[in-house]
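Protein chains in written order, with our numbering: chain A, 150 to 419; chain B, 18 to 212.
If you are wondering where the hints come from, they were derived from the structure by calculation, not from laboratory data.
All of these numbers come straight from a predicted model, not from anything done at the bench.
Beta carbons: idealized from backbone N, C-alpha and C, even for Gly.
Misleading hints may appear alongside valid ones.
What the simulated footprint calls covered on chain A by chain B, stretch by stretch (three residues with Cβ under 8 angstroms from a Cβ of chain B suffice, anywhere in the stretch; the number is not a length) [said to hold, decoys possible]: (1) 177-185; (2) 393-399.
For lysine-lysine, the following DSS-like pairs were computed, each having C-alpha atoms within a straight-line distance of at most 25 angstroms [claimed, not checked]: (3) B/Lys82 - A/Lys410; (4) B/Lys198 - B/Lys80; (5) B/Lys64 - A/Lys410; (6) A/Lys404 - A/Lys235; (7) B/Lys91 - A/Lys372; (8) A/Lys410 - B/Lys84; (9) A/Lys302 - B/Lys121; (10) A/Lys372 - B/Lys84; (11) B/Lys110 - A/Lys397; (12) A/Lys302 - A/Lys235; (13) B/Lys82 - B/Lys110; (14) B/Lys84 - B/Lys28; (15) B/Lys64 - A/Lys302; (16) B/Lys84 - A/Lys406; (17) B/Lys64 - B/Lys78; (18) A/Lys410 - B/Lys91; (19) A/Lys275 - A/Lys244; (20) B/Lys91 - A/Lys406; (21) A/Lys416 - A/Lys404; (22) A/Lys372 - B/Lys110; (23) A/Lys275 - A/Lys329; (24) A/Lys268 - A/Lys244; (25) B/Lys78 - B/Lys91; (26) A/Lys372 - A/Lys418; (27) A/Lys397 - A/Lys416; (28) B/Lys64 - B/Lys121; (29) A/Lys416 - A/Lys235; (30) A/Lys210 - B/Lys121; (31) B/Lys82 - A/Lys397; (32) A/Lys329 - A/Lys268; (33) A/Lys337 - A/Lys268; (34) A/Lys397 - B/Lys91; (35) A/Lys410 - A/Lys372; (36) A/Lys235 - A/Lys410; (37) A/Lys372 - A/Lys404; (38) A/Lys397 - B/Lys84.
One-letter residues, chain by chain:
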Amino acid sequence: MIEDIELETLINDVYEYYGFDFGSYSRASLKRRVSRVFYLDGFKHFHDFLSKVRTDPEYCKRMIDEITVNVTEMFRDPSFYLTLRKEILPLLGTKPFIRIWHAGCSTGEEVYSMAIMLKEAGLLHKSILYATDINASVLETAKSGIFPLRMIKDYADNYRDSGGQQDFSDYYIANYGFAKFNDNLSEKMVFSQHNLVSDTSFNEFDLILCRNVLIYFDNNLQKRVINLFDDSLAVLGFLALGTKETIKYSISQTKYKQFAKEKIWRKIKE
Amino acid sequence: MEENKRIKDCKVVIIGGSAGSLQALLQILPFVEKTISFAIVIVVHRKNTDEQTLEDLIALKAKLKVKEVEDKVKLEAGFIYIAPSNYHLLFEKNETLSLDTSEKINYSRPSIDVSFESAAEIYTNHLIGILLSGSNSDGTVGLKAIQAAGGISVVQNPLSADMPYMPNNAILHTTPDFVLKTEEILEFIKEINQE
Ligand SMILES: C[S@@+](CC[C@H](N)C(=O)[O-])C[C@H]1O[C@@H](n2cnc3c(N)ncnc32)[C@H](O)[C@@H]1O
Chain A
150 MIEDIELETL INDVYEYYGF DFGSYSRASL KRRVSRVFYL DGFKHFHDFL SKVRTDPEYC
210 KRMIDEITVN VTEMFRDPSF YLTLRKEILP LLGTKPFIRI WHAGCSTGEE VYSMAIMLKE
270 AGLLHKSILY ATDINASVLE TAKSGIFPLR MIKDYADNYR DSGGQQDFSD YYIANYGFAK
330 FNDNLSEKMV FSQHNLVSDT SFNEFDLILC RNVLIYFDNN LQKRVINLFD DSLAVLGFLA
390 LGTKETIKYS ISQTKYKQFA KEKIWRKIKE
Chain B
18 MEENKRIKDC KVVIIGGSAG SLQALLQILP FVEKTISFAI VIVVHRKNTD EQTLEDLIAL
78 KAKLKVKEVE DKVKLEAGFI YIAPSNYHLL FEKNETLSLD TSEKINYSRP SIDVSFESAA
138 EIYTNHLIGI LLSGSNSDGT VGLKAIQAAG GISVVQNPLS ADMPYMPNNA ILHTTPDFVL
198 KTEEILEFIK EINQE
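Here chain B stands alone, though its shape is the one from the complex (with noise of 0.2 angstroms):
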């Protein structure tokens, strides 16, 4: 890992995903330590009708609480924040969340450029963009703009995603700071804020 890469002061790590995202989230999220001093906000893409499950699946697994999103919910560190389906999820100035049902964007809502972009423009270098496995180009312009704004951008390595069409778009299209196998993602994320 380039060492000067690292964020000493990341509050926020949003992690895109798609078709055979969850399968690396439940390898990733269980083993996150409930002291992080950040917040985990996930941005994936389903199906309107397993709304809930999703949500149950991450609680039952993690050992961080994860946050019901309603509207304007406050943003705090230690805590999980997945998106609702059917919302596009925003970032305000004062740390909140808020949900938007505009058109969907890359035929996603929620859409993962809309919530990385938002999310970039508010935390800037304290941002972390993961972008997992998925069959859409979603993404790829989000992780764009948050190293824009001078946060750091993370692409599963497409030989470990179940589907690699999303991180190889992202390879091909930007030049990501890391690009790393499901397991070392978890690493690095264990990383995050230590001296």
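Isolated chain A (complex conformation) (with noise of 0.2 angstroms):
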């Protein structure tokens, strides 16, 4: 393991340098990620590490690609998606158009996943779909819609369990150990970098998940980025997070209401 006073060290400079502020993640992850790297990619010395990533601006996103934690899977927690496809979709059904943000979407398997069950609930051609991220490269994936066949038995029992009745392999074309997803899933798909640290609101939405991305920062930039979502939700709107994150600690409970088990809260006034 890398030393508490060389991440210290890292966060800094990667701020001065470049201007991507990791100063409020949590440490006990982060420091396992950039340690990782650091081995990885084969230094022995502090210094070599951080004087390449202070010199070469593709070595530091290569870095900060590699940090991010990206693992996601197609429908994860099918109940959460069971209750998303029951509860909520039939009442955003009742909109003129309903805009969603996936925010932290990772390589967008979470984005698809939605894309199959507004088809399936016969909304797509009346949404769109916001997927960001802070790593550029996983988006380059996300757009591509493209996914490891090996994956896809597992997505197909997690589709089912999340109440799916569909041949799931109507979805994707199968190729050389890839699932290539349909075109008409992506159509209503806009993908962009975007940096919860640093951007702000970008519009207006009526639903918005950011699942497993809060558990990567302390308490206060979590504070912040609720407040950022809340300032993105029409009234009314979702507000869905990870099964192990909380909006608890950091906005009044007067204005969000806790929709069934699930970590999915209306917004019910301004």
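If you follow the hints, you should be able to join the two separate chains into one complex; please do so.
Below is the structure:
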């Protein structure tokens, strides 16, 4: 493991040289992630690593890509998706347009899952899905809609557990170990780089999903990001977090009402 | 027991286990008193599907209260914390727990090594790590880290473990401070922080 002081120096330098601010990330995870790239890339001395980061923007980008945790799946936590399908989508369906924001979408599995559910509910044509992440590389994968075929069996199981009744294999074409999801699913997706630490609200949404992203932030940053979502959410819109995340410590509970047993909250007043 | 190796000021007891460890936990936890002056953190491998059952079972049997582990929950003495499935459980300097969904380690998430190492870093010589039954090598590296940071390592006696592989592996690759049968682990826990 690298030392605490080394980590703090790196955080300062990355901010000073490139403007990316990791100062409010949870240290336990960040330290493991930085140590991981440090050893992965064969460094022996921290100052070599540090000067590489400082002087080589390409390398700094690689490092940031590697320290963010991008593990994701389709229909992750099927009971969450079941609630979306059964209770939230019918409510959103009454609106003329549905605007959804996936903040921290990683490689996009979550976004394609949502598109499949919208399609099955007959709502995809009037929806728009903004999907953002700090990591530009994962967005490229997300845009392509190409995922490893070895994961598909698990995804098909999750899909069924989330209330899906179609033949899951109708949604993609399998080729050379990859599954390419149909273009009619991605037509309504807009991908762009957005940093939750430093970028502002860019639209008003009816549903915001930010799952398993806040766990990497400290309490203060969580508070700031929840407020950013609050600014970006229409009244009666929904905010959905990961199964172990909460808005409890971040925002007045009179403004939001928790929905069912899932980590979904409805904004009940401005 | 080597008296000199007993911690006076223990803040956290972290218990790791895999296959067969539930049985041991149920022989230990129900008999631990509410008044303990440390927190108990449990990291066991399990299927994603039985998410609630382990919590429910332990909550039902133990005198201690089980605190639900949500991200950034505060670690307090007198409570049991159970690592949720599909997340690694990490320790922060401000005595909160945080979660991480990064790659599996030793085919496991939560990984015992990850949590043991993280706890060792924060709690140094105020930490006791206990490794129970299992058929995987997770936990060995973590126990080493706990000892290196000044904490105490305890391994379930493989003869009393349902699945001896995990404790055996730890005994083979480390020098545990104690190797104890299930009942002895309970006695050991009762003695922690006692005069
Ligand atoms: C574990 S993934 C979550 C993916 C998906 N939402 C899910 O739950 O499966 C976390 C994502 O958050 C992104 N992330 C981390 N820091 C961020 C920031 N400051 N702004 C935007 N995204 C960020 C990471 O790049 C990563 O793709």
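To see whether the hints hold, each was checked on the structure:
Counting residues of the region 177-185 of chain A whose CB lies closer than 8 angstroms to any CB of chain B gives 4, so the stated coverage by that chain holds, three being the minimum. Counting residues of the region 393-399 of chain A whose CB lies closer than 8 angstroms to any CB of chain B gives 4, which reaches the minimum of 3, so the coverage claim holds. Annotation: proposed proximity of B/Lys82 to A/Lys410 holds, straight-line Cα distance about 21 angstroms (limit 25 angstroms). Taking the CA atoms of B/Lys198 and B/Lys80, the gap is near 22 angstroms; set against the 25 angstroms cutoff, the hint holds.
For the hint pairing B/Lys64 with A/Lys410, the CA-to-CA distance comes to about 21 angstroms; that is within 25 angstroms, so the pair holds. With a C-alpha separation of about 24 angstroms, the suggested pairing of A/Lys404 with A/Lys235 holds against the 25 angstroms cut-off. For the given pair, B/Lys91 sits about 17 angstroms from A/Lys372 by alpha-carbon distance, which is consistent with the 25 angstroms threshold. Restraint check for A/Lys410 and B/Lys84: satisfied, since their Cα atoms lie roughly 17 angstroms apart, inside the 25 angstroms limit.
A hinted pair counts as satisfied when its Cα atoms are at most 25 angstroms apart, and A/Lys302 with B/Lys121 qualifies at roughly 19 angstroms. Restraint check for A/Lys372 and B/Lys84: satisfied, since their Cα atoms lie roughly 23 angstroms apart, inside the 25 angstroms limit. Simply put, B/Lys110 and A/Lys397 have alpha-carbon atoms about 21 angstroms apart, close enough for the 25 angstroms limit, and the pair holds. For the hint linking A/Lys302 to A/Lys235, the alpha-carbon distance of about 23 angstroms falls within 25 angstroms, and the restraint holds.
Simply put, B/Lys82 and B/Lys110 have alpha-carbon atoms about 23 angstroms apart, close enough for the 25 angstroms limit, and the pair holds. A threshold of 25 angstroms between alpha carbons decides the hint, and for B/Lys84 with B/Lys28 the separation of about 16 angstroms falls inside it, so the pair holds. At roughly 17 angstroms between alpha-carbon atoms, B/Lys64 and A/Lys302 fall within 25 angstroms of each other, so this suggested pair holds. With a CA separation close to 23 angstroms, the supplied pair B/Lys84 and A/Lys406 stays within the 25 angstroms bound.
As the CA atoms of B/Lys64 and B/Lys78 are separated by approximately 21 angstroms, the hinted pair is consistent with the 25 angstroms bound. Among the hinted pairs, A/Lys410 with B/Lys91 is consistent with the structure: their alpha-carbon atoms are about 22 angstroms apart, no more than 25 angstroms. For the hint linking A/Lys275 to A/Lys244, the alpha-carbon distance of about 9 angstroms falls within 25 angstroms, and the restraint holds. This hinted pair checks out: B/Lys91 and A/Lys406 have alpha carbons roughly 24 angstroms apart, not beyond 25 angstroms.
For the proposed pair A/Lys416 and A/Lys404, the alpha carbon gap of about 6 angstroms is at most 25 angstroms, so the pair holds. A hinted pair counts as satisfied when its Cα atoms are at most 25 angstroms apart, and A/Lys372 with B/Lys110 qualifies at roughly 19 angstroms. Restraint check: the Cα-Cα separation between A/Lys275 and A/Lys329 comes to about 23 angstroms, which is no more than 25 angstroms; the hinted pair holds. At most 25 angstroms may separate the alpha-carbon atoms for a hinted pair to count; A/Lys268 and A/Lys244 meet this at roughly 15 angstroms.
Pair hint B/Lys78 plus B/Lys91 holds up; C-alpha atoms about 23 angstroms apart against a cutoff of 25 angstroms. As the CA atoms of A/Lys372 and A/Lys418 are separated by approximately 18 angstroms, the hinted pair is consistent with the 25 angstroms bound. Proposed proximity of A/Lys397 and A/Lys416 is supported: the alpha carbons are some 13 angstroms apart, at most 25 angstroms. Straight-line distance between C-alpha atoms of B/Lys64 and B/Lys121 comes to about 14 angstroms, which keeps the hinted pair within the 25 angstroms bound.
Annotation: proposed proximity of A/Lys416 to A/Lys235 holds, straight-line Cα distance about 19 angstroms (limit 25 angstroms). Using a Cα cut-off of 25 angstroms, the hinted pair A/Lys210 and B/Lys121 holds, with the two alpha carbons roughly 24 angstroms apart. Between B/Lys82 and A/Lys397, the direct Cα distance comes to roughly 21 angstroms. Compliance with the 25 angstroms bound is thereby established for this hinted pair. Restraint check for A/Lys329 and A/Lys268: the C-alpha separation of about 17 angstroms stays at or below 25 angstroms, so the hint holds.
Distance restraint check for A/Lys337 and A/Lys268: the Cα-Cα separation of roughly 11 angstroms lies within the 25 angstroms cut-off, and the hinted pair is therefore satisfied. Our distance criterion of 25 angstroms between C-alpha atoms is met by A/Lys397 and B/Lys91, whose separation comes to about 14 angstroms. Distance restraint check for A/Lys410 and A/Lys372: the Cα-Cα separation of roughly 22 angstroms lies within the 25 angstroms cut-off, and the hinted pair is therefore satisfied. Using a Cα cut-off of 25 angstroms, the hinted pair A/Lys235 and A/Lys410 holds, with the two alpha carbons roughly 13 angstroms apart.
Restraint check: the Cα-Cα separation between A/Lys372 and A/Lys404 comes to about 15 angstroms, which is no more than 25 angstroms; the hinted pair holds. Only pairs whose Cα atoms come within 25 angstroms are accepted, and A/Lys397 paired with B/Lys84 is accepted, the gap being roughly 16 angstroms.
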